[in-house]
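Q: This is what each chain is made of:
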Amino acid sequence: MANKKAFGKLKGREAMVLGIVIAMVVLFSILSPTFRSYPTFVSVLDNSYYITLMALGVTFPLITGGVDLSIGTGLVSYALIGGYLVVHKGVPIGVGILVCILVGLLIGVFNGVLVAVMDLPPFLATLCTCMITRGLGPALCSSMGVSWPSALSEQGAFRKIFKFTSASGTVIPIGIVFMIVLVVIMSFVLDHTRVGRYILAIGSNKEATRLAGVNVKFYHMMAYMISGLFAGMAGVAYAATYATIYPGSGAGFELDAIGGAIVGGVSASGGVGTILGTFLGVFVICLMKVGLPFIGLQANWQQIFTGIVLIAAVLVDVVKKKK
Amino acid sequence: MGDIILTMKGIDKSFPGVHALDHVDLEVRKGEVLALMGENGAGKSTLMKVLTGIYKKDSGTITYEGKEVEFKNTREAQDAGIVIVHQELNMLGHLTVAQNLFIGREFKKGIRIDDRKMNEEAQKLFERLNVNIDPRETMSNLTVGKQQMCEIAKAVSFDAKVIIFDEPSAALTESEIEEMFKIIRDLKKKDIAMVYISHRMDEIKVITDRVTVMRDGTYVGTLITEKCTKEDIINMMVGRVIYEDPKTESAVPKDAPVVLKVEHLNAGRMVQDVSFELHKGEILGFSGLMGAGRTETARALFGADPKESGDIYINGNKVTINNPQDAVNCGIGYLSEDRKRYGIVVQKTVAENTTMASMNDFMNGIFINKNKEKEVADKYVEALATKTPDVDQLVVNLSGGNQQKVVIAKWLTRNSDILIFDEPTRGIDVGAKNEIYKLMNRLVAEGKSIIMISSEMTEILRMSDRIVVMCEGKKTGELDISEAKQETIMNLATREIE
Chain S
1 MANKKAFGKL
11 KGREAMVLGI
21 VIAMVVLFSI
31 LSPTFRSYPT
41 FVSVLDNSYY
51 ITLMALGVTF
61 PLITGGVDLS
71 IGTGLVSYAL
81 IGGYLVVHKG
91 VPIGVGILVC
101 ILVGLLIGVF
111 NGVLVAVMDL
121 PPFLATLCTC
131 MITRGLGPAL
141 CSSMGVSWPS
151 ALSEQGAFRK
161 IFKFTSASGT
171 VIPIGIVFMI
181 VLVVIMSFVL
191 DHTRVGRYIL
201 AIGSNKEATR
211 LAGVNVKFYH
221 MMAYMISGLF
231 AGMAGVAYAA
241 TYATIYPGSG
251 AGFELDAIGG
261 AIVGGVSASG
271 GVGTILGTFL
281 GVFVICLMKV
291 GLPFIGLQAN
301 WQQIFTGIVL
311 IAAVLVDVVK
321 KKK
Chain F
1 MGDIILTMKG
11 IDKSFPGVHA
21 LDHVDLEVRK
31 GEVLALMGEN
41 GAGKSTLMKV
51 LTGIYKKDSG
61 TITYEGKEVE
71 FKNTREAQDA
81 GIVIVHQELN
91 MLGHLTVAQN
101 LFIGREFKKG
111 IRIDDRKMNE
121 EAQKLFERLN
131 VNIDPRETMS
141 NLTVGKQQMC
151 EIAKAVSFDA
161 KVIIFDEPSA
171 ALTESEIEEM
181 FKIIRDLKKK
191 DIAMVYISHR
201 MDEIKVITDR
211 VTVMRDGTYV
221 GTLITEKCTK
231 EDIINMMVGR
241 VIYEDPKTES
251 AVPKDAPVVL
261 KVEHLNAGRM
271 VQDVSFELHK
281 GEILGFSGLM
291 GAGRTETARA
301 LFGADPKESG
311 DIYINGNKVT
321 INNPQDAVNC
331 GIGYLSEDRK
341 RYGIVVQKTV
351 AENTTMASMN
361 DFMNGIFINK
371 NKEKEVADKY
381 VEALATKTPD
391 VDQLVVNLSG
401 GNQQKVVIAK
411 WLTRNSDILI
421 FDEPTRGIDV
431 GAKNEIYKLM
441 NRLVAEGKSI
451 IMISSEMTEI
461 LRMSDRIVVM
471 CEGKKTGELD
481 ISEAKQETIM
491 NLATREIE
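Protein sequences appear in the order of chains S and F. According to this note's numbering, the first sequence holds residues 1 to 323 in order. According to this note's numbering, the second sequence holds residues 1 to 498 in order.
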């Protein structure tokens, strides 16, 4: 299995997070018989796609030592614009999807210019684009909510690429396959291309990287472009899973993604992180989201536990650094 | 002259690998200004840090006002009346002048801070010192000179009996210095003792009463300022025996081509109209005291900092260098004095650091050819005898000397012909130092050219073929190694009496 090779390569942090994921699954399964069922499994995955995509993207700005807060409200906005074009303007579904992704990329470029070229602090710059994107979708779409076409219709066929229902009625969550493919691709980008190498270097020591003659501004900007691109893709995944997009929602989604990346070992101060770690970290967050209600804890507790887990994750790094 | 207020006797202090102070004596009298002089690293600052409790001395005694004392921290020293005015201003820009003066000891009215009383007290203080500063002004709105006055006022407000000035004039203009001297003369009349650390010979002559000279962590002697000349002081500062054999003549043929020519380079106050040439196969030493503008010259040349004007020629062709990318493309490599901040990417491996500047040569389409990267890194680990278990080691785990070798490997991989070594052996132990020297000699033998900025006189005299001396942002001289002596260099490096 391809997994085996990946297993052998697991670093300490990734192995630890994988262990936590497994432990959570085991714990929930023991405590709640209804948890260990196929529909729950599908539901966990279904709820993870858009978070996973956001997290894969935001890993790059995080690694530069920055952050992208605009991805949550962004993805809702992009899905709103794409859906509006499809539903109300009769645009082909493929174009709608493309627009959704491209607007994301565009906002990514905008963030990149603000941070890398104009030297705005990432927190501030992306907080502003977070507000902008929150209003952008509704503004362009006459403040209406949008329902993307049903999965059964021809226009909604794209939604099957995330959840395929076979003729016999079995639901197959093939979205996870796409996620794994993307994880492999982005791992490659981070570890084996110049973009990834320089983004890691910028996060570790921006000035030394600049003095090595690297076009730091360009690669710094690339990090935000990747984040925007993936926010756009997350918009598509969100539309596929939930269909109905409410204007002005999405605030706070980015926290799940950033939290997942941090749990997965991306250093909040930059320079360190892996795509696989982020991927696994997202599952910790998603399992809590879906799993805690099964053992009788209300959704509010998910927030509280996520916060605690994040503190623990960051503490591990801090303690390690002190050694 | 007044009575002795402070005596330091036989002060000894070692750090791992360095004997920073070797039984140093110092004596300060009431109402005098004592100059403390010495080259970079002579131990002046360390001695003052021992006095004020920042460092703990290994042995020796400090007698202050007739009693033996040992301060545990600056706070204790302050309370006893010994205060340092630092070179870098430690002011909080967003607060007002008065708030800065009384930070940590605010006047209170109940639980409320009494800003009015602080302003009044600050006003009284300024009146006493004959300074015209509004205590309500925001600190960052003041000129550097006025901020320095505030530092001094703050020192006085501690009821200081001994004030130590650590290169107080470094950032000041002529008129600001004059204003500061006025205050110092006032303080003298009030019987306050002052220790004045400075490299500026003319100031020493104007403001101080006696001069104590230190060299390599030892006490050399004390002179009465009025009765000595600049040459006397310089002789005491540099009068060391150079153990490692200095170069006696340049190894570069007279007709070696000029690989780099810099003309009228200007970049702020620290780089004023600097021009020089670098020949093929030459080590051009840049000497000078702290703050002479050598690093700033290198950074401006390399495009790391913006420059105002100046022409740069590489092999006779005029080039434009606006950023480090341009410089690297011109074949220049810069090895920073502050490796950890500017030289290496610590959380990356030896291999990754080695190829950092020449990624283009290691691409297979869009992918990095990691095998080739490893191969080249391995090659340089062997060639430079870098001590590392393997090239996948994070550079943060390497010693200073070996980190330096990784930086050298980075520029050799890029095939840079002109290497700027900024303090190449700072923080590197003696054995590794010699290795770096050998390496530099090998590089020039192979046809590279080196600019070496160094604050160590021995290093300058041992390595350079030619020497450029700078002082306060200006080039003050250029010497062939055959005519270079410690005294001549030091003479050029210290400001002339005007």
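Just so you know, the hints here were simulated from the structure itself, not pulled from any lab data. A couple of the hints might just be wrong.
[Claimed, not checked] Coverage of chain S stretches by chain F, computed from C-beta distances (three or more under 8 Å per stretch; other residues unrestricted):
hint, stretch
1, 132-146
2, 164-171
[As the list claims (entries may be wrong)] Only pairs whose alpha carbons sit at most 27 Å apart, straight line, appear in this in silico DSSO-like list of lysine-lysine:
hint, chain 1, residue 1, chain 2, residue 2
3, F, K146, F, K161
4, S, K206, F, K307
5, S, K322, F, K340
[As the list claims (entries may be wrong)] Distance ranges between label pairs, derived from CB positions:
hint, chain 1, residue 1, chain 2, residue 2, range
6, S, P121, F, R112, 30 to 36 Å
7, F, N317, S, L124, 40 to 46 Å
8, S, G12, F, R116, 57 to 63 Å
9, S, L106, F, K370, 54 to 60 Å
10, F, D134, S, G12, 21 to 27 Å
Beta carbons: idealized from backbone N, C-alpha and C, even for Gly.
Q: Next, verify each hint and record whether it holds.
A: Hint-by-hint comparison with the structure:
no.	hint	in the structure
1	132-146	violated (count 0)
2	164-171	violated (count 0)
3	F:K146 / F:K161	holds, 22 Å
4	S:K206 / F:K307	holds, 21 Å
5	S:K322 / F:K340	holds, 18 Å
6	S:P121 / F:R112: 30 to 36 Å	holds, 33 Å
7	F:N317 / S:L124: 40 to 46 Å	holds, 44 Å
8	S:G12 / F:R116: 57 to 63 Å	holds, 59 Å
9	S:L106 / F:K370: 54 to 60 Å	violated, 34 Å
10	F:D134 / S:G12: 21 to 27 Å	violated, 58 Å
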